[in-house]
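S.K.: Protein sequences appear in the order of chains A, B and C. Following my numbering, the numbering of the first sequence begins with 10 at its first residue and continues without gaps. Following my numbering, the numbering of the second sequence begins with 10 at its first residue and continues without gaps. Following my numbering, the numbering of the third sequence begins with 10 at its first residue and continues without gaps.
The set of hints was computed from the structure by calculation and includes no laboratory data. Every residue gets a Cβ at the ideal spot worked out from N, C-alpha and C, and that includes glycine. The reader is advised that the hints may include incorrect statements.
To be verified - Incomplete in silico selection of chain C near chain B, CB under 8 Å:
1. Leu-34
2. Ser-40
3. Phe-62
4. Leu-89
5. Gly-97
6. Ile-98
7. Pro-133
8. Pro-135
9. Gln-136
10. Val-145
11. Tyr-147
12. Trp-162
13. Leu-164
Said to hold, decoys possible - Computed list of chain B residues with no C-beta within reach of chain C, every gap over 10 Å:
14. Ser-26
15. Tyr-28
16. Ser-49
17. Leu-96
18. Pro-107
19. Thr-132
20. Pro-133
21. Leu-134
22. Lys-159
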Amino acid sequence: MVSPTQLKENEVFMAFSSYATIIILKMMAMSAITACYRISVKAFANPEDSVVFGKGENAKKYIRTDDHVERVRRAHLNDLENMVPFLGIGLLYSLSGPDLSTALWHFRLFVGARIYHTIAYLTPLPQPNRGVSFFVGYGVTFSMAYRLLKTTWYL
Amino acid sequence: MVSPTQLKENEVFMAFSSYATIIILKMMAMSAITACYRISVKAFANPEDSVVFGKGENAKKYIRTDDHVERVRRAHLNDLENMVPFLGIGLLYSLSGPDLSTALWHFRLFVGARIYHTIAYLTPLPQPNRGVSFFVGYGVTFSMAYRLLKTTWYL
Amino acid sequence: MVSPTQLKENEVFMAFSSYATIIILKMMAMSAITACYRISVKAFANPEDSVVFGKGENAKKYIRTDDHVERVRRAHLNDLENMVPFLGIGLLYSLSGPDLSTALWHFRLFVGARIYHTIAYLTPLPQPNRGVSFFVGYGVTFSMAYRLLKTTWYL
Numbered sequence: 010m011v012s013p014t015q016l017k018e019n020e021v022f023m024a025f026s027s028y029a030t031i032i033i034l035k036m037m038a039m040s041a042i043t044a045c046y047r048i049s050v051k052a053f054a055n056p057e058d059s060v061v062f063g064k065g066e067n068a069k070k071y072i073r074t075d076d077h078v079e080r081v082r083r084a085h086l087n088d089l090e091n092m093v094p095f096l097g098i099g100l101l102y103s104l105s106g107p108d109l110s111t112a113l114w115h116f117r118l119f120v121g122a123r124i125y126h127t128i129a130y131l132t133p134l135p136q137p138n139r140g141v142s143f144f145v146g147y148g149v150t151f152s153m154a155y156r157l158l159k160t161t162w163y164l
Numbered sequence: 010m011v012s013p014t015q016l017k018e019n020e021v022f023m024a025f026s027s028y029a030t031i032i033i034l035k036m037m038a039m040s041a042i043t044a045c046y047r048i049s050v051k052a053f054a055n056p057e058d059s060v061v062f063g064k065g066e067n068a069k070k071y072i073r074t075d076d077h078v079e080r081v082r083r084a085h086l087n088d089l090e091n092m093v094p095f096l097g098i099g100l101l102y103s104l105s106g107p108d109l110s111t112a113l114w115h116f117r118l119f120v121g122a123r124i125y126h127t128i129a130y131l132t133p134l135p136q137p138n139r140g141v142s143f144f145v146g147y148g149v150t151f152s153m154a155y156r157l158l159k160t161t162w163y164l
Numbered sequence: 010m011v012s013p014t015q016l017k018e019n020e021v022f023m024a025f026s027s028y029a030t031i032i033i034l035k036m037m038a039m040s041a042i043t044a045c046y047r048i049s050v051k052a053f054a055n056p057e058d059s060v061v062f063g064k065g066e067n068a069k070k071y072i073r074t075d076d077h078v079e080r081v082r083r084a085h086l087n088d089l090e091n092m093v094p095f096l097g098i099g100l101l102y103s104l105s106g107p108d109l110s111t112a113l114w115h116f117r118l119f120v121g122a123r124i125y126h127t128i129a130y131l132t133p134l135p136q137p138n139r140g141v142s143f144f145v146g147y148g149v150t151f152s153m154a155y156r157l158l159k160t161t162w163y164l
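All chains should be built: construct the whole structure from the sequences, respecting the hints.
M.R.: Next up, the structure:
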């Protein structure tokens, strides 16, 4: 049963918990970066936001899209698209009794690849920097899915 | 081990389960609201949807974006961006043995803030209504992440 | 407590794990399909991607949106919007001690409906194919939420 101390009794689950939290916090930072960019270049999606920074005609001018803001938003959405599979499969994989060091390397590679992906997206670095980091994260998730299905196939 | 009754033996986990379900249902409502708006103002993204409501030239006219529909979609995406961190971190936090009343207040604040965020986004209410409700939800997730990492740091 | 073998001792959880992994893998395929479409029709969102496939003026021409690419992206986003509720509620529902065969039918219906939704979206099939498959998945998630709240209501 779930005892209050259970997280501390399963090393793989503890490791997953730490890495998952770190990479979720990185994803959450994208919201703050978007907000900062929007305010610094004055490019808003909502009239009620733009009127805070300008009156009348100015406020209308500020409702626009900006290349930098859209770039951060694409990076954010890409994070979300890759984080949901990692969190879902990673959690189940952690509970399927994997080898600790194998699991740790999966988590480390994923977190490293996604942090590098964000750097490559926001700088932006020339391809294939972003492409490779995307596929490393993608491959890690596939590898966990394969190992998970091998141990718990039940349809 | 996971017994069929485990959810009922851990109060924090039961509370997380209830609050998470409520706020997920609220997020799911955004899909229905988007569909209703799309039909009421006749603004579709797909040709196969628009032909249901008009023939020939009319069907083409209905493939367009509409301010109200886009607003609901932005609110929905913002929900998604904040729900994934809450679900991931909240689940792990619930299993890390937190104090029941502390955990309850985290869940309540998050759920309240996100419901108010939706109201502020869809009405729309003037800023800083939406901004403040966003940051309350954001802060609650950060607070859970901090408490979780303090108890289960393992890299 | 969480033992390394716990997944194998709870049939509902094992089943959830298998179905969730399958449907997450399907969602992950959308990223690959988007990338393939972008390359085949040469429609990119980022300058650093387009310069891989053309020089100077050509590279600029390739920064554009394409109907097929946008369709895949909408299908992907719709997946994400429905997968997060399914994963969150489904996991908690699996741990709430449901009847095995009831749970299995929930998972099967959801996975089947979402696979059909993708086929209907990408072909595209005429409505109401996509609409019905959407609402089946939506209804399954609601049904699990209802059963979950009935057993674990704790606010």
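S.K.: All the hints need checking, so say for each whether the structure fits it.
M.R.: Results for each hint:
1. Leu-34: For C:Leu-34, the interface hint is violated, since the closest Cβ of chain B sits about 18 Å away, which is over 8 Å.
2. Ser-40: violated (16 Å)
3. Phe-62: Hint on C:Phe-62: violated, closest Cβ of chain B at ~27 Å, above 8 Å.
4. Leu-89: holds (7 Å)
5. Gly-97: holds (5 Å)
6. Ile-98: holds (6 Å)
7. Pro-133: Since chain B brings a Cβ to about 5 Å from C:Pro-133, closer than 8 Å, the hint holds.
8. Pro-135: holds (5 Å)
9. Gln-136: Given a least distance of 5 Å, the restraint on C:Gln-136 holds.
10. Val-145: Violated, about 13 Å.
11. Tyr-147: Given a least distance of 7 Å, the restraint on C:Tyr-147 holds.
12. Trp-162: holds (6 Å)
13. Leu-164: Because about 6 Å separates C:Leu-164 from the closest Cβ in chain B, which is inside the 8 Å limit, the hint holds.
14. Ser-26: With a cut-off of 10 Å, B:Ser-26 comes too close to chain C, as the shortest Cβ separation is near 5 Å.
15. Tyr-28: violated (7 Å)
16. Ser-49: Holds: least Cβ distance 16 Å, greater than 10 Å.
17. Leu-96: The claim breaks: B:Leu-96 does not keep its Cβ more than 10 Å from every Cβ of chain C (closest is about 5 Å).
18. Pro-107: B:Pro-107 clear of chain C: closest Cβ-Cβ about 15 Å, beyond 10 Å.
19. Thr-132: Correct as stated: the minimum Cβ-Cβ distance to chain C is 22 Å, above 10 Å.
20. Pro-133: Nearest chain C Cβ is 21 Å from B:Pro-133, so the label holds.
21. Leu-134: Fine: 24 Å to the nearest Cβ keeps B:Leu-134 off the interface.
22. Lys-159: holds (20 Å)
Violated hints for the displayed structure, listed by number in ascending order: 1, 2, 3, 10, 14, 15 and 17.
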